[in-house]
Amino acid sequence: MKVLVTGGAGYIGSVCVEELFAAGHEVVVWDNLSEGHRAALHPRAVFLHGDLLDRDLLIRAVQEHRPEAVIHFAGKALVPESMRDPSLYYRVNVSGGINLLDAMVAVGCKKIIFSSTCATYGLPERVPIDEGTPQKPINPYGHSKLIFEQVLRWYAQVHAVIPTCLRYFNAAGASAERGEDHRTETHLIPNVLFTALGQRPHVEVFGEQHATPDGT
3 MKVLVTGGAG YIGSVCVEEL FAAGHEVVVW DNLSEGHRAA LHPRAVFLHG DLLDRDLLIR
63 AVQEHRPEAV IHFAGKALVP ESMRDPSLYY RVNVSGGINL LDAMVAVGCK KIIFSSTCAT
123 YGLPERVPID EGTPQKPINP YGHSKLIFEQ VLRWYAQVHA VIPTCLRYFN AAGASAERGE
183 DHRTETHLIP NVLFTALGQR PHVEVFGEQH ATPDGT
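As numbered in the numbering used here, residues 3 to 218 make up the sequence shown, in order.
Some clues are possibly wrong.
As the list claims (entries may be wrong) - Think about it this way: if two alpha-carbon atoms lie no more than 20 Å apart in a straight line, the pair counts; the simulated DMTMM-like pairs of lysine to aspartate or glutamate are:
no.	residue 1	residue 2
1	4	20
2	113	28
3	112	28
4	78	28
5	4	37
6	113	70
7	112	70
8	113	151
9	113	132
10	113	66
11	138	151
Said to hold, decoys possible - Restraint-style ranges between C-beta atoms, simulated for each label pair:
no.	residue 1	residue 2	range
12	107	36	20 to 30 Å
13	68	215	31 to 41 Å
14	140	215	19 to 29 Å
15	172	88	15 to 25 Å
16	40	211	36 to 46 Å
17	173	25	16 to 26 Å
18	211	66	52 to 62 Å
For the record, the hints were derived by calculation from the structure and aren't laboratory data. Cβ coordinates follow ideal geometry from the N, Cα and C atoms, glycine included.
Make the full structure from the sequences, and use the hints.
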């Protein structure tokens, strides 16, 4: 199967590409390299350097390569940044995603796996969280991902797109060749490891009014 992987030069995307090749698939990577790394690109992948907001370029690329399925990792994913610049998050995560869907519809590509986030849940009323937990995001990042999940439901109804949404929490791990390498690292697990290695002074623990002995 030919699979288009957006964000295929990023952490999760590049490891996914590696696994796709191991499973015998053909892979086309779309990435603007704003967060991803050229060094993380799989040598066998067809690499298309482009932005989701470049609608015409994206449509031409999909028409040329005609993927049978899409795995959509590309997007903005930093909560503090989304609070400073919500417009950027709605443009990239929603409008950019719609550009991708329209390109898929134009060539009859139906299958898409969407890299969503646990941030769509906000502050849940109960734990553990399951798929039935109400989605009440508390920042533009989570809200933009929730909006695109809703867009996918409508495209499924109108255009027979077949979506799967994966709501990640803390992704961790690596392959022998590829792993996490964010330019601005905000994820808990790597920051704990960096602190243990002496590369960070401390780990930030947020909150001061929770029902715990020290409030964190």
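Hint check, failures only: 4, 5, 9 and 13
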